[in-house]
Amino acid sequence: MSLELVQKQSQQLRMAPAMYQSVKLLQYNNLELADILLEKSLENPLLNFADSDRQADYFSYSGRDQTKSTTDVLEETLAQTVDFRERLHRDLHMLKVDKEYLMAADLLIDSLNDNGYLDVEPEEVLRNSGLNRDGMKQALVAVQSLDPAGIGARSLTDCLLLQLRRRETRNQLAETIISEYSNYFLTEDWTGLCQSLNVTEESVKKAVSEIRRLDPAPARNFHKESVQYVVPDMSIIKNGDNLALELEDRYLPKVTIARSEFELYFKNADDETKSYLRKKMNEANWLVSSLSKRRQTIIALAQLVMEHQRLYFLSGDEKYLQSLTMNQAAKQLQVAESTVSRTVANKYVQTPYGLYPLKRFFVKGIETRTGTASVFKIKSLIRTWINNEDKKKPLADIKLVDLLGEQGLQCSRRVVSKYRRECGIGSTVERREIR
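The sequence shown runs contiguously to residue 435 in the UniProt record's numbering.
Some clues are possibly wrong.
[To be verified] Straight-line alpha carbon distances no greater than 25 Å define the calculated DSS-like cross-link-like pairs of lysine-lysine that follow: (1) Lys399 <-> Lys418; (2) Lys40 <-> Lys293; (3) Lys418 <-> Lys364; (4) Lys137 <-> Lys392; (5) Lys274 <-> Lys40; (6) Lys319 <-> Lys399; (7) Lys293 <-> Lys359; (8) Lys379 <-> Lys359; (9) Lys393 <-> Lys137; (10) Lys293 <-> Lys280; (11) Lys418 <-> Lys391.
No lab work stands behind these hints, which were simulated from the structure alone.
With these hints in hand, go ahead and build the complete structure from the sequences.
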């Protein structure tokens with residue numbers, strides 16, 4: 001093996017930790033990066049950190065004191081918690097729910113007991129809402145579509161059924177046992193169940209096992225949630241028909257290397273000190289280089305997302321969100337998919353319509369006769385058709401499958417049912433207006 005090859009391999013081995021650092025920096029958001037830079041400033045005397053003019057505004061916006069590390073904040077916020085109802089309110093307002101039902105759904109959430117049940121009549125809560133019985137039902141359906149499954153249930157049976165119906169693969173036997181034969185279940189009369197349902201003991205055991213994995217008190221583990229600070233890593237600004245991207249890293253400290261100090265100290269240092277200074281200079285160079293690469297990568301990816309989802313950012317209408325995968329973005333940017341994944345991780349973008357995780361704009365798509373359609377477009381069509389349906393003869397999921405097929409969108413009934421529930425829309429039974 002040649003000396004040159006040995007040297008190259010040795011260099012690669014020495015660079016590995018620095019390369020790891022460069023990759024690691026990609027996945028930090030600005031809030032996390034600020035703490036990392038603070039740590040680096042204490043570890044390396046050759047790094048200069050000049051506070052930007054807007055750094056104080058940044059920490060003020062995030063609700064933090066710039067002198068506090070993440071550990072300090074975590075310790076201080078142990079007592080700061082959010083009631084599970086607040087989380088439900090937040091999640092509700094992320095759904096596309098008609099405004100007339102939104103306020104009613106908020107009132108229902110406020111009326112949930114500590115286990116997540118609605119143990120009062122919806123009519124009593126909503127008597128002054130101006131909604132008819134069907135409207136109240138729609139508001140309740142919206143609440144019951146939230147996570148965790150079982151929230152908004154009227155009874156234990158209702159709670160368990162809501163959870164079973166949310167499963168990817170429905171277990172009809174388990175649903176039947178809960179809805180019609182709960183007395184057998186409660187008394188553990190498995191023989192009676194087998195005889196009444198004319199099914200095998202093995203089938204009953206599987207159904208019972210699934211029922212026992214359900215949570216009879218869905219809000220039990222969601223009473224309190226630690227406060228999380230979320231600040232934008234980038235902003236997309238709309239000006240008429242134009243869009244502009246702005247990184248929020250101007251709030252971070254400016255990092256420079258104290259080269260003149262290095263030369264001064266190095267000149268008169270002993271061998272041990274020189275070795276230490278060289279190490280710190282290499283670390284400083286790698287940090288500055290990694291920060292620059294991080295910035296370039298985030299800009300490139302954010303611009304790609306902004307252009308790809310241009311119609312959405314101009315209109316705010318989710319139906320214009322286009323299908324986009326991390327693999328597609330990686331190919332366009334000529335980087336590894338893992339690089340895109342790390343860049344997207346934990347990042348938030350401020351849009352004209354609110355603050356969202358960057359990953360929100362990577363949208364699953366379904367192949368059609370004319371290309372790929374986004375999930376948001378399919379959900380928009382489902383909402384439109386159901387809003388305009390005959391409430392006495394609501395559209396079944398299989399009919400929605402046919403309507404989508406006429407649009408060139410091939411979806412299974414299970415997928416349509418899943419998207420409908422995610423829109424906060426109930427089944428035909430729940431939507432049917434009694435004559």
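Tested hints:
Our distance criterion of 25 Å between C-alpha atoms is met by Lys399 and Lys418, whose separation comes to about 15 Å. As the CA atoms of Lys40 and Lys293 are separated by approximately 18 Å, the hinted pair is consistent with the 25 Å bound. Only pairs whose Cα atoms come within 25 Å are accepted, and Lys418 paired with Lys364 is accepted, the gap being roughly 14 Å. Of the pairs offered as hints, the one joining Lys137 and Lys392 holds, with about 14 Å between alpha carbons and a cut-off of 25 Å not exceeded.
For the proposed pair Lys274 and Lys40, the alpha carbon gap of about 20 Å is at most 25 Å, so the pair holds. At roughly 21 Å between alpha-carbon atoms, Lys319 and Lys399 fall within 25 Å of each other, so this suggested pair holds. In summary, the hint linking Lys293 to Lys359 is supported, as the alpha carbons are separated by about 20 Å, within the 25 Å threshold. Between Lys379 and Lys359, the direct Cα distance comes to roughly 18 Å. Compliance with the 25 Å bound is thereby established for this hinted pair.
Of the pairs offered as hints, the one joining Lys393 and Lys137 holds, with about 16 Å between alpha carbons and a cut-off of 25 Å not exceeded. Under the criterion of a C-alpha separation no larger than 25 Å, the hint pairing Lys293 with Lys280 is consistent with the structure, at around 20 Å. Between Lys418 and Lys391, the direct Cα distance comes to roughly 21 Å. Compliance with the 25 Å bound is thereby established for this hinted pair.
Checked against the numbered hints above, the structure violates none of them.
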